[in-house]
Amino acid sequence: MKKEKVVGLEGSFAVSEAVRMANADVIAAYPITPQTHIVERLSEMVAEGELDAEFICVESEHSAMSACVGASAGGARVFTCTAGQGLELMHEVLYIPSSMRLPVVAVVANRALSAPLSVWCDHSDMMAVRDIGWIQMLAENNQQAFDLTLCAFRIAEDNEVLFPTMVHIDGFHLSHVIEDMRLPDAEEVAGFIPDYKHPFALDPDKPVSMGCYGPPFIYPETKRAQEVAFENVMPKILETWKVFGDRFGRYYAPVEKYRMEDAKIALLTMGSYSETAMLAIDELRAKGEDVGLIRLRLWRPFPFKEFREAVKGVEVLVVLDRCVSFGMGGPVCSEVKSALYDQQKKPHVVGFIGGLGGRDIPIEGFEYMIQSALEKVKAIERGEEVETEMIGIRE
Amino acid sequence: MKKEETDLFVPRLVTTEENFAPGHRACIGCGEALAVRHVCKALGRNVIIVNATGCIEVFSSVLPQTSWCVPWIHTIFENVGAVVSGIESAYKARVRKGKIPDKNVKFVGFAGDGGTSDIGLQALSGAMERGHNFLYCCFDNEAYMNTGIQRSSSTPYGAWTTTAPYGKKSIGQATWKKNMPEIAVAHKIPYVATACPSYPFDLMDKVKRGLEIEGPAYVHIFSPCPTGWRSPPELTIEIGRLAVETGVFPLYEVINGEYRLNYDFTDLKPVREYMKPQRRFRHLTEDIIDKIQARVEKEYLKLREKAGVK
Ligand SMILES: Cc1ncc(C[n+]2csc(CCOP(=O)(O)OP(=O)(O)O)c2C)c(N)n1
Ligand code: SF4
Ligand SMILES: [Mg+2]
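The listed protein sequences correspond, in order, to chains A and E.
For reference, each letter of the first sequence is one residue, going 1 to 395 in our numbering.
For reference, each letter of the second sequence is one residue, going 1001 to 1310 in our numbering.
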């Protein structure tokens, strides 16, 4: 029997437990709603001696990520967390660990971006960091927040990976909500996350120069090498999730399907609203409709193969974005369309934008999107132009 | 010992080992490159250096070559204070957790005046305030040289730069040089010093002192730049000396809040002598030079007072 406890934990505390069990060496973070409970809980753990780590109370998120880069180059296991504006302030630095192969682990409690000021959840912060070269995955509940954070350390630090890894947890929906979850035994976790050794950490006994200057005759080769290495991380992610599942009984996949058997219509969601979407699917299935749900668990690298596999046989794919790419619709919808473009047989893709700045999407919202998508498909077939609809807006 | 004897003796105490290798791409007569070389001699090999973007990084690390014989990392322009905090913390944690043996490794940040007193000030202030154990060297060539001689807050009053050009309505830089060493002092860190490669032994001593002191140490190094100052490359050392002898850049230390003036001049040379070989000042009228003279004297007196020199 596996030793584990069932506990009621807030998402922030679940993440903190994962960082404690992973025995992180250095944490550098700056408080921002709705991530604050994570920094507070971790500070408490360090203060109580429950976690033997250096907690660097930096003066900004820019410095948080910079300190993480330094600590990771120094060979430490490193963690940070942020949200919204904080992730944006980090932006410049985010490219560094991915380009220099430094396995920082970050949790983002997703938050809308100013203006107007909003501390509530959407995915604008996540979408603004699509191209930073980090492995990125999403949790839908607190159990997953814990599990994926643990997995992130093992994936990132694998010497064949060595890429920073980001776990997105929806701000408030996860960070501040208490849920039942299973907390494994610390020793079991220690067995899952091996001791970490960076192959060329900064060390006076073996001097290396990191972050050199790259003129045009060499810069593209460095980027090519990075891209090739990044494409090769997928097997390691799958392997880690398999080992995790075998050990702890919960299995994860890059694209997860819910009631997709023979589904002609599929809804695609990311993050915590997926759970509401499931309820909507249940209701529609009860009415006899052929609908199912696809959730993107892995956002980067984009799981092309698994995604195309998941939509086989689907006629209409309804995509929910919690972000606006101004002048371009929803970013996830655009990416999904581009992932399908080369396919011989592909579904109609209809995008919606909703849940901005913490606005709720009730079950009926998902039902509405599906009904409305069917109308839009008819319009598309008549040759009409269909725009991305923002749902739930008071005119 | 008589002075002549020490003059012969002191240079022999300096290691012949180069920790900053030759063959880099700095301009001829670059005061920054010379300062880096001296600093690296003083640092020895048991250090990790964090470097900001700027001339030093660009002239020393063009892929696939490097001048650095010690572990060295550059990431971006404005975060040296934070990166060095991270490395120092990583070392502390890993030693404490028994993951690596304690070999008394030292951590050092390098940045230009722009990377220190402008864009990197926040990260540096944070690192000093948190009390990390590191030495920070600011190589002050009084402008953003790497990007083409744009003004910084460390550019002196009246100097020409490409973003503070003189013209019908401009004298050049219209603001007084930001006093970065005093900002470091205000953080109440244990060691602050000014130095200049024209005084190499003084410079190396200060670097060693800063390295050995527990807690943050800050050394501000005046680094003449012939390219940006429009001065003859062979006068770099001379110009550094004149900066000190005119009181434009006094050499001093602040150890646990106590000021010590390392070279005191009862009769300062006129600032004109310092400015003359530098074409960045050549447009200045007599009255502006007088204004600068008065300011330099006033500041120098204040410093003497702080150092308790009568
Ligand atoms: C965020 C950011 N802004 C601007 C730059 C462009 N930039 C690179 S180096 C530099 C000036 C460096 O000046 P300083 O720190 O004084 O060093 P120096 O080159 O004079 O030695 C600037 C403006 C940059 N690299 N990053
Ligand atoms: S521009 Fe100035 S500081 Fe930069 S390498 Fe040339 S002389 Fe040195
Ligand atoms: Mg400069």
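Careful: at least some of the hints might be erroneous.
Unchecked claim - Straight-line alpha carbon distances no greater than 30 Å define the calculated DSSO-like cross-link-like pairs of lysine-lysine that follow:
| hint | chain 1 | residue 1 | chain 2 | residue 2 |
| --- | --- | --- | --- | --- |
| 1 | A | 206 | E | 1041 |
| 2 | E | 1097 | A | 236 |
| 3 | A | 305 | A | 378 |
| 4 | A | 305 | A | 337 |
| 5 | E | 1208 | E | 1291 |
| 6 | A | 3 | E | 1208 |
| 7 | A | 378 | A | 346 |
| 8 | E | 1106 | E | 1169 |
| 9 | E | 1099 | A | 206 |
| 10 | E | 1208 | A | 206 |
| 11 | A | 206 | E | 1106 |
| 12 | A | 346 | A | 287 |
| 13 | E | 1103 | A | 206 |
| 14 | A | 345 | A | 378 |
| 15 | A | 257 | A | 223 |
| 16 | E | 1103 | A | 197 |
| 17 | A | 197 | E | 1097 |
| 18 | E | 1291 | A | 3 |
| 19 | E | 1178 | E | 1092 |
| 20 | A | 236 | E | 1302 |
| 21 | E | 1291 | E | 1310 |
| 22 | E | 1310 | E | 1269 |
| 23 | A | 5 | E | 1097 |
| 24 | A | 197 | E | 1269 |
| 25 | A | 206 | A | 223 |
| 26 | E | 1097 | A | 206 |
| 27 | E | 1092 | A | 197 |
| 28 | A | 312 | A | 337 |
| 29 | E | 1208 | E | 1097 |
| 30 | E | 1106 | E | 1041 |
| 31 | A | 206 | E | 1302 |
| 32 | E | 1041 | E | 1169 |
| 33 | E | 1106 | A | 197 |
| 34 | E | 1276 | E | 1188 |
| 35 | E | 1099 | A | 242 |
Stated by the list, open to error - Estimated spans, in silico, between C-beta atoms of each pair:
| hint | chain 1 | residue 1 | chain 2 | residue 2 | range |
| --- | --- | --- | --- | --- | --- |
| 36 | A | 386 | E | 1187 | 52 to 62 Å |
| 37 | E | 1147 | A | 232 | 51 to 61 Å |
| 38 | A | 242 | E | 1205 | 55 to 65 Å |
| 39 | A | 8 | E | 1255 | 47 to 57 Å |
| 40 | A | 114 | E | 1131 | 52 to 62 Å |
Since the hints were made in silico from the structure, they are not lab data.
From the three backbone atoms N, C-alpha and C, an ideal C-beta is built for every residue, glycine too.
Here is how each hint holds up against the structure:
Distance check on the hinted pair: residue 206 of chain A and residue 1041 of chain E sit about 18 Å apart at the alpha-carbon level, within 30 Å; holds. For the hint linking residue 1097 of chain E to residue 236 of chain A, the alpha-carbon distance of about 28 Å falls within 30 Å, and the restraint holds. Among the hinted pairs, residue 305 of chain A with residue 378 of chain A is consistent with the structure: their alpha-carbon atoms are about 28 Å apart, no more than 30 Å. Simply put, residue 305 of chain A and residue 337 of chain A have alpha-carbon atoms about 14 Å apart, close enough for the 30 Å limit, and the pair holds.
Of the pairs offered as hints, the one joining residue 1208 of chain E and residue 1291 of chain E is violated, with about 37 Å between alpha carbons and a cut-off of 30 Å exceeded. This hinted pair does not check out: residue 3 of chain A and residue 1208 of chain E have alpha carbons roughly 54 Å apart, beyond 30 Å. As the CA atoms of residue 378 of chain A and residue 346 of chain A are separated by approximately 16 Å, the hinted pair is consistent with the 30 Å bound. The hinted pair formed by residue 1106 of chain E and residue 1169 of chain E fails the criterion: a straight-line CA distance of about 49 Å is larger than 30 Å.
A distance of roughly 17 Å separates the Cα atoms of residue 1099 of chain E and residue 206 of chain A; the hinted pair therefore holds under the 30 Å criterion. A threshold of 30 Å between alpha carbons decides the hint, and for residue 1208 of chain E with residue 206 of chain A the separation of about 22 Å falls inside it, so the pair holds. This hinted pair checks out: residue 206 of chain A and residue 1106 of chain E have alpha carbons roughly 15 Å apart, not beyond 30 Å. At roughly 26 Å between alpha-carbon atoms, residue 346 of chain A and residue 287 of chain A fall within 30 Å of each other, so this suggested pair holds.
For the suggested pair residue 1103 of chain E and residue 206 of chain A, the alpha carbons sit about 13 Å apart, so the restraint of at most 30 Å is met. About 18 Å separates the Cα atoms of residue 345 of chain A and residue 378 of chain A, which keeps this hinted pair within 30 Å; it holds. Distance check on the hinted pair: residue 257 of chain A and residue 223 of chain A sit about 34 Å apart at the alpha-carbon level, beyond 30 Å; violated. Among the hinted pairs, residue 1103 of chain E with residue 197 of chain A is consistent with the structure: their alpha-carbon atoms are about 18 Å apart, no more than 30 Å.
A distance of roughly 14 Å separates the Cα atoms of residue 197 of chain A and residue 1097 of chain E; the hinted pair therefore holds under the 30 Å criterion. A distance of roughly 78 Å separates the Cα atoms of residue 1291 of chain E and residue 3 of chain A; the hinted pair therefore is violated under the 30 Å criterion. Annotation: proposed proximity of residue 1178 of chain E to residue 1092 of chain E is violated, straight-line Cα distance about 34 Å (limit 30 Å). Distance hint between residue 236 of chain A and residue 1302 of chain E is unfulfilled; the C-alpha atoms sit about 64 Å from each other, more than 30 Å.
Restraint check for residue 1291 of chain E and residue 1310 of chain E: the C-alpha separation of about 25 Å stays at or below 30 Å, so the hint holds. Note on residue 1310 of chain E and residue 1269 of chain E: the hinted pairing holds, with a Cα-Cα distance of about 19 Å set against a maximum of 30 Å. With a C-alpha separation of about 27 Å, the suggested pairing of residue 5 of chain A with residue 1097 of chain E holds against the 30 Å cut-off. For the hint linking residue 197 of chain A to residue 1269 of chain E, the alpha-carbon distance of about 57 Å lies beyond 30 Å, and the restraint is violated.
The hinted pair formed by residue 206 of chain A and residue 223 of chain A meets the criterion: a straight-line CA distance of about 25 Å does not exceed 30 Å. Our distance criterion of 30 Å between C-alpha atoms is met by residue 1097 of chain E and residue 206 of chain A, whose separation comes to about 21 Å. At roughly 16 Å between alpha-carbon atoms, residue 1092 of chain E and residue 197 of chain A fall within 30 Å of each other, so this suggested pair holds. Between residue 312 of chain A and residue 337 of chain A the alpha-carbon distance is near 14 Å, which keeps this suggested pair within the 30 Å criterion.
A distance of roughly 28 Å separates the Cα atoms of residue 1208 of chain E and residue 1097 of chain E; the hinted pair therefore holds under the 30 Å criterion. Proposed proximity of residue 1106 of chain E and residue 1041 of chain E is supported: the alpha carbons are some 14 Å apart, at most 30 Å. Between residue 206 of chain A and residue 1302 of chain E the CA atoms are separated by roughly 47 Å; this puts the pair beyond 30 Å, and the hint is violated. Taking the CA atoms of residue 1041 of chain E and residue 1169 of chain E, the gap is near 46 Å; set against the 30 Å cutoff, the hint is violated.
Of the pairs offered as hints, the one joining residue 1106 of chain E and residue 197 of chain A holds, with about 21 Å between alpha carbons and a cut-off of 30 Å not exceeded. The straight-line distance between the Cα atoms of residue 1276 of chain E and residue 1188 of chain E is roughly 37 Å, outside the 30 Å bound, and the hint therefore fails. For the given pair, residue 1099 of chain E sits about 29 Å from residue 242 of chain A by alpha-carbon distance, which is consistent with the 30 Å threshold. For residue 386 of chain A and residue 1187 of chain E, the hinted distance range of 52 to 62 Å is satisfied, since their beta carbons lie about 60 Å from each other.
Between residue 1147 of chain E and residue 232 of chain A, the C-beta spacing of about 37 Å breaks the proposed range 51 to 61 Å. Hint check: residue 242 of chain A to residue 1205 of chain E, Cβ distance near 59 Å, so the stated range 55 to 65 Å holds. A hinted range of 47 to 57 Å for the beta carbons of residue 8 of chain A and residue 1255 of chain E is consistent with their spacing of about 55 Å. The hint said 52 to 62 Å for the Cβ distance between residue 114 of chain A and residue 1131 of chain E, and at roughly 33 Å that hint is violated.
In the structure shown, a violation is registered for the earlier hints numbered 5, 6, 8, 15, 18, 19, 20, 24, 31, 32, 34, 37, 40, in ascending order.
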